[in-house]
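Peer 1: For reference, the chains in residue letters:
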Amino acid sequence: MEQVLVNGIYLGCQYALIALGLTLIFGLMGVLNFAHGQMYVLGGFVTYYVYGVLGLPFPLALVATAATLCVTGALFDKLLFRRVLRRGAREESSMLLAAGTALLLESLILIVFGEKHRGVPSLAPGVARIGDAFLPYSRIVVMVLAAALIVGFIVFMRQTRIGRGLRAIAQDREAALLQGVDVERYGMLGFAFGAALAGLAGSLLVVISGVNSGLGTWISIKAFIMVMIGGAGVVSGAILGGFILGMAESLGYRFFPGGETYLMLFVAMIVFLAIRPQGLMGKPWG
Amino acid sequence: MSPRIAILVAAAVLAWLVGVPLAVGDRPYDIGVLTTASALSVISAGVWLMFYIGRIHIGQGAFALVGQYAAAVAITKLGLSFWIALPLAGLVAALFACAIGFPILRLKGVYFAMVTLSLTEAARLSAQSFESVTGGPRGILNIPLPGAVEVFGLTLVPDFGEVNPHIALFCLATLLAVATFAALYRIVNSRLGWLFRSLQQNEDLASSIGVNVARLRVVAFAIGSFLGGIGGAFFLAVQQSVYPSSFQVQDSIYLMLYCFLGGLGYVFGPLVGTFVLFIAFEFLHGLNEFQPLIYALIMIGLMVWLPNGLLSLRLPGSGPGDGGGRPPWRRWLRRPENRT
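Chains as they are written, first to last, in this note's numbering: chain A, 639 to 924; chain B, 73 to 412.
These aren't lab readings, by the way, just hints derived from the structure by calculation.
Just to be clear, a hint being listed does not mean it is correct.
Stated by the list, open to error - Some residues of chain B that are not near chain A, with every Cβ distance over 12 angstroms (derived): (1) 76; (2) 94; (3) 149; (4) 175; (5) 192; (6) 215; (7) 313.
Stated by the list, open to error - Where chain A lies over chain B, by a calculated footprint (3+ residues, C-beta under 8 angstroms): (8) 245-253; (9) 266-274; (10) 327-337.
Think of the CB as a built atom: it goes at the ideal place given N, C-alpha and C, for glycine as much as any other residue.
Using the sequences and the hints given, assemble the complete structure.
Peer 2: The structure is reproduced here in C-alpha cells:
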C-alpha cells in the first residue's frame, strides 16, 4: 500500500507539471493546446539527444529542452494562433488549428526522431526504501525536480512582473489591456512557458521510462482529464487534478493491471462532470 | 427543394452509381477509395450535426466503433442478417449517446470537446476489456459479406458474395450517403433545424423562449451517433472484422476535419470535405512518410487562410450554394463578397 502511495505522489508530480502548462495556455489564450502531448514528446527527444547521445550534463539538457519548447510555443502563437484568434470568429477555429499543430508536430517528430523507443542512462543508480515501498533514486530526483519546477512556477506567477501580467490577462483580458499590459507579447510568453512546462515534463520522463513518438495523444488525453477534474484555467486545479490522476492511476494499476483502470477513470470522470461540470476549482459558468 | 432540383440530384446520383463502376470498376483499390469516402462522409455528417448545435464533437470514432461492434455481435452471436444489423447498430449507438449525452451535454465549448476526445479512448478500452462480448484485443473476425434480400421470392439485393463485392459495397455506400444527406437537408430545413440553430446561437436565450434545450441537444447527439453507428457497421461489411483499434482518436479528429474542410455552415460540407480530403490523401500516398505532415500543413493552412471551408469559395456571380439554412456565423465573418 505504501508503494501505491509513493508511486501516486511520484506520478502526481509529473502530471501536475503537464497539466500546469496546458492550463496556463488555456487560461491565457482560451486555446486548448492539443499539441501538448506532442510538445511533451518533443521535450523528451531533445533531452534524449543532449543528455543521452551527446553525453552533456542533465541540467544542460533541461535548459536546452526548455529553450527549444519556448521557441516552438512562441512560433506557434506568433505564426498561427494569433492570426486565427485575431479574426476571432469562433472557438472551433482555434480548436481545429490546435489539432492541426498536434498532427504537424507528431509527424515532424516521427520523421526527425524515428519510431524507436528511446531511453537514457539513469541519473542516479540505486534504490531507496521507504517503509515497505521501494523508490529508485532516479525517481526521487525526478520527483524533486518536478516539485521544484511547480513551486518555481507558482512563485514566478505570484512574485514577478511578468507573472502578474499573465495572471491579469487570465482574469480579464480587456481590463489587462486597459492597464497597459502588452497582451500580445504576454500571450506569446504564456504560450512559450506552457510549451516549456510540457517539454520539461517530457525530459523528466525520458529518464525513467524513455520516450517514443507515439506517446503524444495519450499524454494529451491525460492532461485533458486532469484539467477537467481540476477546472480549466486554474493553477490550483491543475495541480490538484495532476495529483488526483496520479494517485488514481497508481491505485488502479495495483488492483486492475489491465486497461480497466482508465475505463473506470473515464466513467468516474463523466459522473463527476455531471455533478460538477466546472471541475473542482473552476469557476461556475453557463 | 423544388422538383426540378430533386430530379437533377436523382439523375446525378444515378449517373454516379452507373458511371463510376463503368469507369473504374476493374480497379478495386480506386473504387474502394470512393466507397470509404462515402461511408466516412456519413459518419462525419453526425459530427457536423453536433457542430450545428454549437458543440465540438471529437468523439465520433467512439460511436462508429460502438456501431461496428454492435453489428458484429448481432451477426456472429445473434445470427442476424447484415441488413437488420445495420440499422440495429445505429440504434445501439444512438442509445449509448442518449445515456452518455444527458450528463456530458451539459458541458460547453472546449469542456465538451475534451470529454468527447476521451470517449474514443474509453470506447477502445471497453472493447478490450469486455472480452466475453467483444473478443478482447483479438476482435471479432470472419464476418460474412452482406447476404441477399428477398421479398416474396423477388431478389431486391443480391448476395454480395455472388456479385463483384467492391461494386456492391460502393453502391451501398453511395446510397447510404445519399440517404444521410437527404435526411440531414430535410432536418436542417425543418422546424427542428430552426430549433438546432437556436441552440447554436444562444442556449440560454432559446431556453427562455420555451425551447427544451436539454432534450433537443440529446436528440441531436442521438441522431449524430446514429449516423456514426451506421457508418461503423458499414465498415464491418468492408473489413469483415473489427478490432478495438478500428476507430482511433486520430480518426475522430479526422472526422472533425472533414466537416471543417467542407464548411460548417453548409449541409453538404462534410460530404465535400470528406471526398476532397480523403481523395487528396490517396494522391499523397506516394509520399509515404510525409503524408501526415502534408496533411497537417493543409489543415493548418486551411484554418489560417480559409476558415469557412471549401464551400465558402464561390465563383463570382453564382448564387448561394449552401443547401441548409444560413447559420449566424456567416454574419460575423468578414468575407470579401459581403463587403459589396
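Peer 1: Next step is simple, just say for each hint if it's right about the structure.
Peer 2: Going down the list of hints, with the structure as the test:
no., hint, result
1, 76, "holds (35 angstroms)"
2, 94, "holds (37 angstroms)"
3, 149, "holds (22 angstroms)"
4, 175, "violated (3 angstroms)"
5, 192, "violated (9 angstroms)"
6, 215, "holds (24 angstroms)"
7, 313, "holds (20 angstroms)"
8, 245-253, "violated (count 0)"
9, 266-274, "violated (count 0)"
10, 327-337, "holds (count 4)"
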